[in-house]
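Visitor: If you want the building blocks of each chain, they are given just below.
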Amino acid sequence: MRREAAGRTLLGMDTDEIPDEVLARRAALLDRAAFRVIVDRHGPSLYRYARRMLDDPQDTEDCVQEAFAAAWTSLPQFAGRSSLRTWLFAITAHKVRSLQRRRARTALPLPFVPVEEVDRHAIDPERSAEGTDLLDALNAALRELPPGPRSTWLLREVEGLSYDQIAEVSGTTTSTVRGQLHRARGHLIQRMEAWR
Amino acid sequence: MNAEQRLTQAARTLREHTDSGWVALRDDVVAVAVRAFRPSAPVRGSLPGAELFVASTVVVARVGATLAAVPDVGVLRITCTTTADDDLDRLTVEVIALYGTPLVPLADEVRRLAAAAVAETLGLTDPPVDRIRVDVSVQDVTPDPRLL
Numbered sequence: 001m002r003r004e005a006a007g008r009t010l011l012g013m014d015t016d017e018i019p020d021e022v023l024a025r026r027a028a029l030l031d032r033a034a035f036r037v038i039v040d041r042h043g044p045s046l047y048r049y050a051r052r053m054l055d056d057p058q059d060t061e062d063c064v065q066e067a068f069a070a071a072w073t074s075l076p077q078f079a080g081r082s083s084l085r086t087w088l089f090a091i092t093a094h095k096v097r098s099l100q101r102r103r104a105r106t107a108l109p110l111p112f113v114p115v116e117e118v119d120r121h122a123i124d125p126e127r128s129a130e131g132t133d134l135l136d137a138l139n140a141a142l143r144e145l146p147p148g149p150r151s152t153w154l155l156r157e158v159e160g161l162s163y164d165q166i167a168e169v170s171g172t173t174t175s176t177v178r179g180q181l182h183r184a185r186g187h188l189i190q191r192m193e194a195w196r
Numbered sequence: 001m002n003a004e005q006r007l008t009q010a011a012r013t014l015r016e017h018t019d020s021g022w023v024a025l026r027d028d029v030v031a032v033a034v035r036a037f038r039p040s041a042p043v044r045g046s047l048p049g050a051e052l053f054v055a056s057t058v059v060v061a062r063v064g065a066t067l068a069a070v071p072d073v074g075v076l077r078i079t080c081t082t083t084a085d086d087d088l089d090r091l092t093v094e095v096i097a098l099y100g101t102p103l104v105p106l107a108d109e110v111r112r113l114a115a116a117a118v119a120e121t122l123g124l125t126d127p128p129v130d131r132i133r134v135d136v137s138v139q140d141v142t143p144d145p146r147l148l
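Residue numbers (the working numbering), protein chains in the order written: chain V, 1 to 196; chain H, 1 to 148.
Worth flagging that the hints you see were computed from the coordinates, not collected in a lab.
Just to be clear, a hint being listed does not mean it is correct.
Claimed, not checked - From chain V, some residues computed to sit far from chain H (all C-beta separations above 12 angstroms): (1) T73; (2) Q77; (3) R81; (4) R97; (5) R102; (6) R105; (7) P146; (8) G148; (9) T174; (10) T176; (11) R185.
What the hints assert, rightly or not - Stretches of chain H that chain V covers, calculated by requiring three or more beta carbons in the stretch to come under 8 angstroms of a beta carbon on chain V: (12) 46 to 52; (13) 63 to 76.
Stated by the list, open to error - With beta-carbon atoms standing in for the labels, derived distance ranges: (14) H:G100 <-> V:Q77: 42 to 50 angstroms; (15) H:V141 <-> V:P44: 33 to 41 angstroms; (16) V:G179 <-> H:Q139: 14 to 22 angstroms; (17) H:T92 <-> V:G179: 40 to 48 angstroms; (18) V:P57 <-> H:Y99: 45 to 53 angstroms.
In this text, a Cβ means the ideal position worked out from N, Cα and C, and glycines have one as well.
If we strip away everything but chain V, and leave its shape as in the complex, we get:
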């Protein structure tokens, strides 16, 4: 059972095998290599989420940058009550909401159009066929959703978080999560009907 006494560095190890909890506690002890693995492992998801919540590349960059800086600062206090992934999403979602509030003070918000009032031909199938693809159509449909349902759908259907985890990330209840998911799905399915 005894391992070599060379110690444990991340060099030469398959970092995919190191559990998040181990990386988190090493990064809490100022291990930058461990933090880099955390960033590589979770950064693409956090960026993908923030990008679709903020719909602006510069805001997304600021948000993700601030989220990871906050994570680095707070890792010594990370108690592991939730998974590292959920914790990172909670920090990012908080940054997203802060940026959205900041934006709302400087610009008029776009009102959410209720599902029954959505123009089903706004995503023109002809145009879609010419210049966009399924992902573009999804992104366009997501932009029409208000932040709550949009966030919930992304966290559930794309990032695979449970209802409880989404409630924790969003600071809400699981029943609200269910309602938001139902609303988001309804809207997105309707928009996908127009896409060919």
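With the hints as your guide, set chain H onto chain V.
Guide: Positioned in the frame of chain V, the structure of chain H alone reads:
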């Protein structure tokens, strides 16, 4: 393919998608994040003819780096307690050990190495174990070396 199937496919496509913006940002994220300030208490050290204060995060990091070389143990948490005069009162090292490892010799080695790392970091020349109180707490054991 109906709309629901298209939505499922779109979600799958998005799940497998990495934004180009992330690829461009990745290296900066780490560089900027690790420059962020971690709140930390000062710990008084010893410097001939002058005062020396070292951030407790630095003490913890140095001890952590030293203990990373010890086989069959993983550090869970290291905490520094200081007096009102910023002298180090106590260092607590919480660890997880590999199942089957004799714990008393392991704890003794952790304690000795931690005290030596503290002494080196703070510039303390006296035998450190006598001056520095290091408590070792074995919080858990695991058969899985990846969890250390």
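Visitor: Against the range 40 to 48 angstroms, how does the distance between the Cβ atoms of T92 of chain H and G179 of chain V compare: consistent or not?
Guide: holds, 46 angstroms
Visitor: Does the beta carbon distance between G179 of chain V and Q139 of chain H stay inside 14 to 22 angstroms, or does it fall outside?
Guide: About 41 angstroms separates the Cβ atoms of G179 of chain V and Q139 of chain H, which means 14 to 22 angstroms is violated.
Visitor: Confirm or reject the statement that T174 of chain V sits farther than 12 angstroms, beta carbon to beta carbon, from all of chain H.
Guide: holds, 21 angstroms
Visitor: Tell me if chain V covers the stretch 63 to 76 of chain H under the three-residue, 8 angstroms CB rule, please?
Guide: Our answer is that it holds, as 10 residues pass the Cβ test (under 8 angstroms) against chain V, meeting three.
Visitor: Taking the minimum C-beta separation from R105 of chain V to chain H, is that value above 12 angstroms?
Guide: Label holds. Min Cβ-Cβ 25 angstroms, cutoff 12 angstroms.
Visitor: Does 45 to 53 angstroms hold as the CB distance between P57 of chain V and Y99 of chain H, or does it fail?
Guide: holds, 49 angstroms
Visitor: Using C-beta distances, would you say chain V covers the stretch 46 to 52 of chain H, given that this needs three or more residues below 8 angstroms?
Guide: Coverage by chain V is violated here, the residue count being 0 at a Cβ distance below 8 angstroms.
Visitor: Indicate whether the distance between the beta carbons of V141 of chain H and P44 of chain V respects the range 33 to 41 angstroms.
Guide: 35 angstroms Cβ-Cβ, so the 33 to 41 angstroms window holds.
Visitor: May I ask you to test the hint 42 to 50 angstroms on the CB atoms belonging to G100 of chain H and Q77 of chain V?
Guide: violated, 32 angstroms
Visitor: Are all beta-carbon distances from T176 of chain V to chain H longer than 12 angstroms?
Guide: holds, 21 angstroms
Visitor: Determine whether the non-interface label on P146 of chain V survives the test: each CB of chain H must be over 12 angstroms from its CB.
Guide: holds, 18 angstroms
Visitor: According to the definition I'm using, a residue is off the interface if its beta carbon is farther than 12 angstroms from all beta carbons of the partner; does R102 of chain V meet that for chain H?
Guide: holds, 20 angstroms
Hints 1, 2, 11, 12, 14, 16 from the earlier list are contradicted by this structure; the remaining hints agree with it.
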